[in-house]
Amino acid sequence: MFAYLVRRLFAVIVMLGVVVLVTLSIFFAIPKLTGTDVATLFVGKQADPASIEGIRQKLELDDPILVQFWHFVSGLFAGRDYTGGGTTEHCPAPCFGYSFRNEQLIWPVLTDRLPVTLSLVSGAAVLWLLGGVATGVVSALKRGTLWDRSAMTVALAGVSLPIYFTGLLSLAVFHYWLGWVDGEYTDFAEDPGAWFSGLMMPWITLAFLYAAMYARLTRATMLEVLGEDYIRTARAKGLREPVVIGKHAMRSTMTPVLTILGMDLGALIGGAILTESTFNLQGLGRAAVVAIGERDLPMILGVTLFTSTAVIVANLVVDLLYAVIDPRVRLS
Amino acid sequence: MTAPLHDTGAAETAAVDVTAGAPAKAIEGRSPWRIAWVRLRRDRIALAGGVVVLLLVLVAVFAPLIVSLLGHPPNEYHEERIDALFGTPKGAWGGIDKDFLFGVEPVNGRDVFSRVVYGARVSLLVAFLSAVVAVVVGTVLGVVAGYFGGWIDTVVSRVMDVLLSFPQLLFIIALVSVMPNSLLGLSGSGVRMAVLILVIGFFGWPYVGRIVRGQTLSLREREYVEAARSLGAGRGYILFRELLPNLVAPITVYATLMIPTNVLNEAALSFLGAGVKSPTSSWGQMLSKAVTTYESDPMFMIIPGLAIFVTVLAFNLFGDGVRDALDPKGSR
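Quick note, the sequences are listed as chains A and B, same order. The C-terminal position of the first sequence is numbered 332 in the working numbering, with every residue numbered one higher than the one before it. The C-terminal position of the second sequence is numbered 332 in the working numbering, with every residue numbered one higher than the one before it.
Possibly wrong hints are sitting among the right ones.
Said to hold, decoys possible - Coverage of chain A stretches by chain B, computed from C-beta distances (three or more under 8 Å per stretch; other residues unrestricted):
1. 67-73
2. 155-161
3. 247-254
4. 294-306
5. 309-322
Note that these hints are calculated values from the structure, not bench results. From a predicted model like this one, the values you see are computed outputs, not experimental measurements. Using N, Cα and C, we set each Cβ at its ideal position, and we do this for glycine too.
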């Protein structure tokens, strides 16, 4: 168990290193190969040569990519000084750098945006897990009935609808025409009621898409599990049906659901980009899209690294949970 | 509640009935593809999906002809159809009438019908070609990893893990944003489409790769592969003549189900401003404009949204049908 953990943690660190390296490469190597100047990208074409040179020094653009990589990584743990254009700025650890658009530190922006995204994702996850898994299980048990067919039709429609379309539709209907819910995000500490009302539509829209996927997955897995020998054995030895389904079948059914949940949660924490864009929520994903539009490399690096960490950690947690849920899995 | 047991029983009796009920017919050998085709032809829902897919392809191919018959040139401004004060289309339902079948775009009055028809070209071309990229790369690397094992397998598997834990949408937007406007003799929307195809395909191959690798791992231990090897068959022969034909079914299923995902990806990227740019039209781009106009002109949001929905749903229905038809365990 301990050796397994150490090995997995080591893999996590290597992976994060690769993510940083690739992100840096996208912004430094590709423009170099295609003949565009990164410093001009950052300050705009009209800037005077002196400020371009200042950015060049600050970004350490003339250093080889591995040196830049090293400076970035050491900055994460020890903080870092930026010198260039006659000024020096100190960036305390964990240093993700300065935004080159508005001179703000990246790290406080990330921690500032995180609550919005977390509120969105956690609320939606509760809804889609309850709704999706329950629908899937019931559909599997009542296979071929009217309930099953209509539930699966709705689920198929759900996975075929883009979220920015359902989001806009629900905004138009429930916010604009009926006026039932708020269209704005309010901080929880400020006004819990408004927080709830403002997140209602994003939650439902996001949860609808994922509930549809989870219902399909749960139904398919449950049907497969119900055909297994150990379920027949459980029935043969006289267990009551609720025990067979709830205790024996559910455990195996939840394994793939959990795998997907880990990946989805991790990806959504940094990447609820579409939902946040549709509902104009100022979360991490929105920050990334704006940063990409402005070619704000430190911001993009920050969000990407944050997201990748979330994905990788979520996967690790899921793998550890396997051992708890499925007795056949042993960590070694 | 012994549904699965009953089901297997029913399937067996049905199978017996088929052979017993048609004594007059001579027994004929049918290839697995023939059986799949027969099953697919009986699946009416899948066929309906297939017909819609075919229609969409025809619409995309003959877009100029259709538009010249039923619409106006996609970039022709019709300001006389726009309310000068609000920028909204004149008339009910977003300006839908016999002249403008799907109404007109807010502010500049372009023909929505023509833009939706031309949007099908971008959507289907990107979705199809990126699926081809993903399938080719995924199959080659998956087979190689699964067949040769050892360090090759380790490298390919780790690369797949890293790619799957990347925040893909972020990376794709970032990549698109640093691409220059002309590349390899292409320019403008051509570059954007080429980049979209390559990056969507690139991030899609690990999904195919994992499935192909797993299948190859189990297939290479089969007796027929061993028999071929003991008869002195070379690696190339075993890979292409023995293994690949048995991988075609899972790859076909995955490829058909990958196209709708890619349609959604392309639309999402266009929605976020990382897809093709105006004047080339795409559905996601129309929806991103609708974010600001949905309150005054909901039809301009609903029509491109429905276009995406119908396309994705049709591909999903067809893909599900293909999967059921090719499934050797299927009883239909």
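Hints, one by one, checked against the model:
no. : hint    : verdict
1   : 67-73   : violated (count 0)
2   : 155-161 : holds (count 5)
3   : 247-254 : violated (count 0)
4   : 294-306 : holds (count 4)
5   : 309-322 : holds (count 3)
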